[in-house]
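Quick note, the sequences are listed as chains B and U, same order.
With the numbering used here, letter number 51 in the first sequence gets 51, and the count goes up by one each step, no holes.
Remember, the numbering used here sits 799 above the position in the second sequence when you count from 1.
Just to be clear, a hint being listed does not mean it is correct.
Said to hold, decoys possible - What follows is a set of in silico ranges between Cβ atoms, one per label pair, in the way DEER data are often shown:
#	chain 1	residue 1	chain 2	residue 2	range
1	B	Arg429	U	Lys978	31 to 41 Å
2	U	Leu1025	B	Leu729	50 to 60 Å
3	B	Leu729	U	Ala831	24 to 34 Å
4	U	Asp986	B	Lys4	50 to 60 Å
Rather than coming from a laboratory, the hints here were simulated on the basis of the structure.
Ideal Cβ positions, reconstructed from N, Cα and C, are used throughout, including at glycine.
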Amino acid sequence: MMLKKLLRTLLKYKAQFISMAIMIALGIGVFLGFNMEWYTLQVNSNRFLDETGFADYRLYDTERGFSAEELERIRALDGVDDATRFMSISMGVEGTDDIVILSVSENMNVSGFKLMEGEPYDPESTDGMWLSDSYAASNGINTGDSLTLTYKNYTITGTVRGLIKAGEHMICLVDESMMMPDYSSGGFAYVSPALLERVVDEEIARVLDENPLYRLAGGLISSERESSINRLFMQINVISGLSKAEFVEKADAALGRTCMVASKAETVSWAETQGEINEGKTMGSVLPVLFLAIAVLTMVTTMHRITANEKTQIGTLKALGFRDKRILVHYSSFALFIGLVGTVLGVGLGYLLGWYIMNPSAAMGTYIDMPYWRLHAPWFTWAVIAAIILLLVFIGFMSVRRMLKGTAADALRPYTPKKMRHLALEETRLFKKLSFGTKWNLRDCFRHKSRSFMTLFGIFGCVVLLLGGLGMRDTMDAFIDSFYGTAINYSVRINLNTETAYSEEDSDTARESYNQAALELCEKYGGDWCAQSSVQIVDKACGLEIYSITRDKVRFLDGDMAPVALADDGAYICTRIARSFDVGAGDSLSFSPYGSDDKYTVKIAGVISSLSESVIMSESYARNQGIPITVTSVFTDETQIESGNALIQSYQTKQAIMDSFDQFMELMNVMVVLLVLAAIVLGIVVLYNLGVMSYVERYREMATLKVVGFKDAKIGRLLISQNLWLTALGIIIGIPLGAAVLDYLIKALAAEYELSMVISLTTYLFTVLLTVGVSLVVGLMVAKKNKRIDMVSALKTEE
Amino acid sequence: MYAVEFKDVSRVYRNGDHEQRALDHVDLQLPAGKFIVILGPSGAGKSTLLNLVGGLDSPTEGTILVDGQDISRLTNNELADYRASTVGFVFQSYNLIPTLTVIENVALVKEIAKEPLSSHDMLKAVGLIDHSHAFPSELSGGEQQRVSIARALAKNPKILLCDEPTGALDSETGVMVLKLLLSMARDMGKTIIVVTHNQNIAKMGDVVVRVKNGKIVYCEEQANPLSAEEVDW
């Protein structure tokens, strides 16, 4: 019988129950979805990285590479589990402008790959190539097709034996200025060491054919072959549980020289994925709190109203002899029922949201190239969901307990709302001049404070979500405009082949003559140049960028995205370095180039916004400080880049870099759409629920107005105007708080872009108009009910 | 011309297969400027009759003329205009707006009435000018009913419709309210229609209408109606 009553009561308050269930579903859905996003990424990427032997450390020697004997020394180190000589070189794809990073791992247990399709890896294959399946798919390449890659003098032609994914290339950026992978123009491939040796042998044979006299130096040829191969293995990749400091110390001792070491945290694949995971954690802890808070507060308000309406029934049950416990259980089960329905819907929504963000065809799939996408939810989400259900039941329990207080006779009396009290502002002249409707609404807001507060909170949530989502987009748009519109003032970036800059015999002379050639190239293309290298600040790997800007091809931006000219009396640091080492303009900063014991201390001239975590300075300041310069890039407006120049390793057009950004913006747009949708749903559900509640509570008053002679439209306007006031107030409070939330999200989510918050006028207008629109639509929906007011029966009821 | 004229009026309520004939082919003429009492037991149809005159409800069949105007086929908005200009309502349960003060409750009719009377004067007339700024919840039942009469009168209606106006009041307050209503008829020339099941109140009526089972049993003028004080409560 009580079950029947429960179901009928649910039917009676269906609008409230549906809206509460939707709010709970939204809260749980957003909470689960966002947490599932980062956790799924964490579980799946870890599994993939483990399976493909993602290295913990990478030793670099870009000059002479590593020998097999050196690898053995590293492998023998205490604390090193496994190691491999590794090659990773950006190569041109013959017949296209594409770049493919060619990788070779001697020991596929370290830095290997996962076969997705085709033949398994064969270390003895001298013509097999295992190609990125994403690159293959974007370029219509199938297994069995032939591919020719070129690098300096080497030409590698292979047959695609298999299509793969690799942990080392999980986020495959063929150029450091790219923000998102673009598989239509770049990818990666693996070949066996056997093929590499074949290519080196072919090159030696070609040189010997051109210079037959070299054949006389047989032993020399053999050692040249070995050092050629060693030079290609510029990395030793290591799996080890040692700390970086321990590993660096042991590796330096074993090799007898200082090599640059990058931990996995310094690789794009690991760092960016961790970045996404951390961003997800932030998103999972900020937005859901808003939704869950609104869901719980809605529950408190609505359950109170429902039990107040049901007070006589509660009293009747009590008078009939039902024990308080039974009545408590009965009414608490409403909350349980709503909680369970909301949870089931919410879990479904969470999985849908998780899937929407985390599927191989979605934006995340275009960024992170991994084979596993099964959704996983962290354990605590289930604990939180269980706690929410308990909290909802508790809210229901407390609401009924209030109505059960006292004797059965007390319980039988209908719930009487609080008596009206005079407000302080009633004494003001302004209040006295207000129209009847304004006074009516104003007093109603104060009389039903919790309902008004909840409406405000709903509007506030709506504004925060809209401003957060759209403001994030504005900020990124402004950043792209400044960065690509102002900072990048060139059409093409030419990356130079710096190999000849390094010589074991006379490094200074080699570098000078190399630089001379590079400057001539720069002159030829009418460009500016940059010398980029890696440095160590304390124990952090950062970039050093030395610029010669005479033709305005590259510009620098300060924290507010305003252009800054590089002064010659100091170095500039990016915002992240400034924050990490707590330094700023006027302070000094020391760094050492990798592979060198030299230490340079520079004066900081300013802090600028930079995509890479770098120290930036002008050529003249670098020369003053005695910092060695090796030109690495030339920036030009020339779009016709000669082929066959040994000095030119590769080039990227500005357009290609911007195209990769479009994909990044797609990911951003998905989030913006989700946030806008969430804002609309939240606004509608909260306002409708409260609107219906207000309508029910003021039913009698409206019936009176109708009897007196007020038309439906006029009563509707009175109701809507209250909604609109609260909306206006919610917007006024919501905008600064929304901006604060956005600022926090930008700092937490996109630290690497060193963004400064931008909210456009359009965003403000859209936020205000959409929020007012939602409020107006809901107001009209509720006001439409006026027509159904039954004056006769409404006014017959006893107060 | 009569203040109210019913011509073969029926009001039938249908609930599924069940049909309830609240008024059954009623013909009735009520004169203007009189204190009219409609008497009958619960469920007789007296409130339905009042609601039809008040434009809260429309007849299923027949014609209702109020002050010569046919109100039986008006639209919702036309009925609202009619309620705003022609009739005033007084309910047993007062139906004041709890969030408006006494004077604001009376003044709210200014929003809709064509020729409203001064709220101040109306409150003075019902003897509540000293309570103008109190909220309804701060008043006694009788005081609240007087506010509701003041509100009804402030619209300057031709007809005042009162549904059990003393039903929730003690005898002393009830007499005070009836006296007030009677003076509205005598001094201001309003047509006052009071619906009640209290036979004693009927003795005050210039005209008494008895309703039973949806039909008019009789409609008689009383030669010597009693004053409110003379009524044996």
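For each hint, the structure was consulted:
Restraint check, Arg429 (chain B) to Lys978 (chain U): a C-beta distance of roughly 38 Å satisfies the suggested window 31 to 41 Å. As the Cβ distance of Leu1025 (chain U) to Leu729 (chain B) is approximately 58 Å, the hint placing it in 50 to 60 Å holds. Distance hint check for Leu729 (chain B) and Ala831 (chain U): the Cβ-Cβ separation is about 51 Å, which falls outside the suggested range of 24 to 34 Å. Separated by about 58 Å at the C-beta atoms, Asp986 (chain U) and Lys4 (chain B) satisfy the suggested range of 50 to 60 Å.
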